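So the protein lines, in turn, are chains U and D. Last residue of the first sequence: number 463 in the working numbering, and the count goes up by one each step with no gaps. Last residue of the second sequence: number 463 in the working numbering, and the count goes up by one each step with no gaps.
Be a bit skeptical, because a hint or two may be false.
Simulated coverage check for chain D against chain U, where a stretch passes if three residues somewhere in it have a Cβ under 8 Å from a Cβ of chain U [stated by the list, open to error]:
| id | region |
| --- | --- |
| 1 | 37-45 |
| 2 | 219-225 |
| 3 | 328-342 |
| 4 | 356-369 |
| 5 | 440-454 |
No lab work stands behind these hints, which were simulated from the structure alone. As the structure is a prediction and not an experimental result, all values here were calculated from the model. Idealized CB from N, CA, C, for every residue including glycine.
2 protein chains.
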Amino acid sequence: MENDQKYLTENREKFNNDLLDFISIPSIAALPEHSKDVQRAAAWLKERMLKAGIENVELMDTGGQPAVYGDWLHAGSDKPTVLIYGHYDVQPVDPLELWDIDPFKPIIKDNKIFGRGASDDKGSMFIPIVVFESIFKTSETFPFNIKFIFEGEEEVASPNMPEFVSKNVDKLTCDMIFSADGGQFSEDECELAVAYKGILGFDIEVTGPDTDKHSGIYGAAIANPVMALSQLIASMKNDNGEIAVEGFYDEVIPLTSKDKEEISRVPFDEKKFVEQTGAICLDGEIGYTPLERVSARPTIDLNGISGGYQGAGTKTVLPSRAFAKITCRLVADQKPKEILKKIEKHVEKHLPSGVTGKVIPLQDEGDPLLIPSDLNSMKLAKEVLKNIYGKDPYIIRVGGSIPILSAFYRFLGVYTTTFSFQLNDENWHAPNEFFRLSSFYKGQEAYRQLFHKIGSLSS
Amino acid sequence: MENDQKYLTENREKFNNDLLDFISIPSIAALPEHSKDVQRAAAWLKERMLKAGIENVELMDTGGQPAVYGDWLHAGSDKPTVLIYGHYDVQPVDPLELWDIDPFKPIIKDNKIFGRGASDDKGSMFIPIVVFESIFKTSETFPFNIKFIFEGEEEVASPNMPEFVSKNVDKLTCDMIFSADGGQFSEDECELAVAYKGILGFDIEVTGPDTDKHSGIYGAAIANPVMALSQLIASMKNDNGEIAVEGFYDEVIPLTSKDKEEISRVPFDEKKFVEQTGAICLDGEIGYTPLERVSARPTIDLNGISGGYQGAGTKTVLPSRAFAKITCRLVADQKPKEILKKIEKHVEKHLPSGVTGKVIPLQDEGDPLLIPSDLNSMKLAKEVLKNIYGKDPYIIRVGGSIPILSAFYRFLGVYTTTFSFQLNDENWHAPNEFFRLSSFYKGQEAYRQLFHKIGSLSS
Chain U
5 MENDQKYLTE NREKFNNDLL DFISIPSIAA LPEHSKDVQR AAAWLKERML KAGIENVELM
65 DTGGQPAVYG DWLHAGSDKP TVLIYGHYDV QPVDPLELWD IDPFKPIIKD NKIFGRGASD
125 DKGSMFIPIV VFESIFKTSE TFPFNIKFIF EGEEEVASPN MPEFVSKNVD KLTCDMIFSA
185 DGGQFSEDEC ELAVAYKGIL GFDIEVTGPD TDKHSGIYGA AIANPVMALS QLIASMKNDN
245 GEIAVEGFYD EVIPLTSKDK EEISRVPFDE KKFVEQTGAI CLDGEIGYTP LERVSARPTI
305 DLNGISGGYQ GAGTKTVLPS RAFAKITCRL VADQKPKEIL KKIEKHVEKH LPSGVTGKVI
365 PLQDEGDPLL IPSDLNSMKL AKEVLKNIYG KDPYIIRVGG SIPILSAFYR FLGVYTTTFS
425 FQLNDENWHA PNEFFRLSSF YKGQEAYRQL FHKIGSLSS
Chain D
5 MENDQKYLTE NREKFNNDLL DFISIPSIAA LPEHSKDVQR AAAWLKERML KAGIENVELM
65 DTGGQPAVYG DWLHAGSDKP TVLIYGHYDV QPVDPLELWD IDPFKPIIKD NKIFGRGASD
125 DKGSMFIPIV VFESIFKTSE TFPFNIKFIF EGEEEVASPN MPEFVSKNVD KLTCDMIFSA
185 DGGQFSEDEC ELAVAYKGIL GFDIEVTGPD TDKHSGIYGA AIANPVMALS QLIASMKNDN
245 GEIAVEGFYD EVIPLTSKDK EEISRVPFDE KKFVEQTGAI CLDGEIGYTP LERVSARPTI
305 DLNGISGGYQ GAGTKTVLPS RAFAKITCRL VADQKPKEIL KKIEKHVEKH LPSGVTGKVI
365 PLQDEGDPLL IPSDLNSMKL AKEVLKNIYG KDPYIIRVGG SIPILSAFYR FLGVYTTTFS
425 FQLNDENWHA PNEFFRLSSF YKGQEAYRQL FHKIGSLSS
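Based on the provided sequences and hints, a complete structural model is requested.
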């Protein structure tokens, strides 16, 4: 057994207790009354990083909750510089009555650590810290240059992080990025995420009369904005479930047969998927499997619609306006701003007569990411995962969008490889969140191997 | 000058003062805090009717505010029985700061009676009462059998009246009905309403997942109920602005060239009509003039729509459900229940895949009325109007629906002729409502002539 491995094994109880201590701070970013607790967790984290031997640790202003930064940069310029990402904030705990314990008095039971944030993401982000410590304390050096950035607003969608990253490019610049937030496929199956969808958010607003009018007096001879909006929305999809906005798919990189094969390798239980939603059946774009649709095809999602009278009974109005709230999930190489232009052109062309209409872009915008398979960080992660799990990882394309990863790519020019060992049955965002000790230990061994592999590279 | 005419002239000041007294009772049906005032107005009305010589006056239970009934039925069975309708409740007075007077301290100024309800409908419904009195007091008899029914919930859409009429058929049975609620075209032009649109109210609800779901996880492979509802709504109209529900127009009585000519005779300022709405232009069914659309063509009016997230910014949900609130304005001989069936069939046939959908009928339902031009009450009204105004009335088809008129027709089998002298510039439902004394007096003379004409008929 190597010294760092021994160090991790001998200090297990201590690290478990440190993690319990970390979890006991209710750093709920969504709730103003816990704002001070979030800052307390940041302060705790700073102290703990310093104890591990990480240098230049500081709480950085983001405009919201602080980001905690630290580094160790003495490996020399022939060694790579690696950025590790995670988040120290947690989800709210409601409904509290469904918890078996106080979510901020964490316990270890049945080889699991129970408590809010145990899995998402305090336990997971603590792993690279203790692994750094194990190598640094047993060798008095570290084999590459490493930077840590932990944010405190991930659970409220990282509203300040893109700007923060853009303003701190020099500080965060690096050759590789690993995210300690994410997850593995199951206890004995691993995964590697190679794609994340981008996002584009906008409203479409349609206006008819200046106020709601009497439908009996005006309804027959003045255009109805709810009807017009419905017609406009309907014009955006064809009978094959394809998006009928001209040029929408132009920049989409087609799935190769290898891509399709990789996707088909991923276990996907269609029946369970439908059951999870309560819908009556699958749906979507013809010509693609459900998992291809979810993971690799762009969408136009109607998130909401509103207009006119919405109460009980009838109110015979010709509504003044109606609006729809829409997000597009984009895939490489679609560009949010280009897609927005195409949507605007579509609205201009297909807006029914008698109303005015406009597209109102929302702040939400993120580039899709398709990570090249020959990316260094990806190759290393794959080797380690294969070594730990004894099998190749599933190659995953994520249907969701992770703004911080888009921001890293946009401002630092570096793709992020997700390297995390939490499991999605561990009640994230739900009562009785827990983190398997086996995952905690497996993650430590995986990061230990990863760090040694990185250390053996030359930049 | 005949005696009754003299009586009306001599008692003008007294009747004006009675009306001021009546108006001073704030009988606002919409506001619970004025419930007692509505009943006070009913009691005042009862006393005033008794004073006029009307018999069997009583406050009748409707389930809501009382209806005030009275009659005089001693003309013999060879004389017709006529029902007079009006309402003694009034609209709320907000915004109060825009009134020049206290709306319930009515005054006479510039030959106008100012106060809430002066025109709609206390002044108008008071006319047939004083005209009855003038004939009865000067001749000690009355030339036909007359019944009065005044309701106290017209301004809240007469929710209890259809059932009330259905339960009191024997009491209300008659040969003709005149409504003292309505209006004339202008100070020197008269009108006769020969059609009212019917109404059918329903919601369409579309359901996808059992709760709002993450759009990134499920949005691409589970049908979106907002999109599905939009597609369904869009399928209900074609590019010509026609309703694309199969069989929707089957029962519509086509407009004859005479009908079209009558409609084209009615002054209609298209520019002003559009300006009143603030919309950018006219719209509607191709092949019909704007006034034909408004007055004589059935519609499907989207009154409201709702589904998913409607707040600021983006929320990336796949909504669970969406619903639209819809009313159809119907024309003769469309039947609300038949149209509902056709809508249901349409929804069944055109509902997009992957969602469930249903049509939820609402209480609002009223038959369209198309009054035969040879109807006795209509012919008499026309003669009187021509005599008073010196010209033929405009033949009007009303785009709105009046539930009480549908109920009279449905349960009593009698069409209602509107015979009323208020004018629509008299700030109905608005601040500074007024009633022209000239209209008050003109209405008295018109009703006096009408009553004599009816009295000269044999049943």
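Now the hints, each set against the structure:
1. Counting residues of the region 37-45 of chain D whose beta carbon lies closer than 8 Å to any beta carbon of chain U gives 0, which falls short of the minimum of three for the stated coverage.
2. Evaluation of the coverage hint for the region 219-225 of chain D: fulfilled, as 7 residues show C-beta separations to chain U shorter than 8 Å, against a requirement of three.
3. Three residues within the 8 Å Cβ limit are the bar, and the region 328-342 of chain D against chain U gives 4, so the coverage statement holds.
4. Residues of the region 356-369 of chain D lying with their CB closer than 8 Å to a CB of chain U number 7, which satisfies the three-residue condition for coverage.
5. Closer than 8 Å: that is the beta-carbon criterion, and the region 440-454 of chain D has 0 residues meeting it against chain U, so the requirement of 3 is violated.
Comparing the model with each earlier hint shows violations of hints 1 and 5; every other hint is respected.
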